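Using the sequences provided together with the hints, build the complete structure.
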Amino acid sequence: MKRSFRRLSIFSSTYLSHIVNSSNKINKGSYGFLCVQGLNFGSKKEKTDKETKKFRNLLKISGIRNDETEDNDNTNRKGKENVKRITNENNNVDYKSYDIKIEEIIKNFDIKLKKLLENTLTVDFFNNIVVTKDKKKYKLSDLSQVVIKSSKTIYFYPYIISDIQKIIHTLKVKDNTWNPTTPNDGQCILLQIPPLTNEVKLKKKKEAKDLLEKVKNDIRNIRHKIRDFIGKNIEGDEWKIEERNKLDNYIKNKVKNIENVYEKYTKNY
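Count the sequence shown with full-length UniProt numbering and you get residues 1 to 269, in order.
Think of the hints as simulated: they come from the structure by calculation, not from any bench.
One should not assume that every hint holds.
Unchecked claim - In the PhoX-like style, the derived pairs of lysine-lysine whose C-alpha atoms are separated by at most 25 Å in a straight line are: (1) K205 <-> K115; (2) K225 <-> K214; (3) K112 <-> K216; (4) K139 <-> K174; (5) K256 <-> K114; (6) K240 <-> K107; (7) K205 <-> K267; (8) K214 <-> K240.
Unchecked claim - What follows is a set of in silico ranges between Cβ atoms, one per label pair, in the way DEER data are often shown: (9) V255 <-> N92: 21 to 31 Å; (10) F229 <-> K136: 52 to 62 Å; (11) F229 <-> H169: 51 to 61 Å; (12) N257 <-> D228: 20 to 30 Å; (13) F229 <-> D134: 57 to 67 Å; (14) K264 <-> D134: 41 to 51 Å.
Values in this document were obtained by computation on a predicted structure and should not be read as measured data.
Idealized CB from N, CA, C, for every residue including glycine.
Pasting the structure below:
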């Protein structure tokens with residue numbers, strides 16, 4: 001109670017006159033008021049603790065919001081990365097199907113050059129020559145056995161001797177440079193393949209060159225198709241430039257492979 005009175009002394013006597021009488025005793029009915037006024041409503045430490053708690057709550061809320069912001073940023077970043085990855089995958093030309101087509105072109109080119117320039121005559125080649133006999137058409141294999149002694153020497157052994165002249169005539173018609181003959185016994189036909197003349201060689205080399213240009217043109221057509229695909233389907237100028245550069249290198253390598261095939265057959269021809 002003494003503490004309460006000390007604190008009350010700072011107020012004016014007028015303010016306290018209705019509470020304290022002349023004998024310095026508290027008037028009846030005023031004690032409750034003084035108790036309320038005399039209560040300690042919080043020390044500096046308590047006020048500081050309250051402020052600290054409020055501040056911590058603010059930090060906690062702020063921290064949650066920061067975490068949410070960071071999560072959103074991470075999600076957005078991952079989303080952009082996924083979009084970029086999908087875009088990269090879509091912005092690519094699938095060369096597998098084109099590889100199959102081009103390899104088939106190169107394979108056929110190799111076969112044609114070999115047939116044209118190597119001048120290798122096989123048994124199957126002669127067996128499939130058509131011979132006319134008694135107004136009917138027969139395969140040579142039906143009338144004679146073919147034996148290749150070397151690349152320049154071929155023997156034919158007719159099953160019927162009377163068919164020899166028909167076979168000789170057919171061979172001469174097949175190639176006007178051939179001159180088949182019958183040896184002394186007259187039981188077979190001998191064909192000596194003459195060496196190629198310079199004129200014939202030049203003609204064959206020209207045919208080979210024409211084949212090369214035709215194959216290159218086929219490759220160029222494929223290149224145009226891929227460029228059209230890039231222009232219509234690839235998004236973004238940077239991606240288009242990158243794919244076109246990749247296409248140029250791709251076609252360049254394929255053309256080089258074709259030229260290597262050509263060089264293989266014509267180098268020493």
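Which numbered conditions among the earlier hints are violated in the structure presented, ordered from lowest to highest? As far as the earlier hints go, 6, 8 are violated by this structure, in ascending order.
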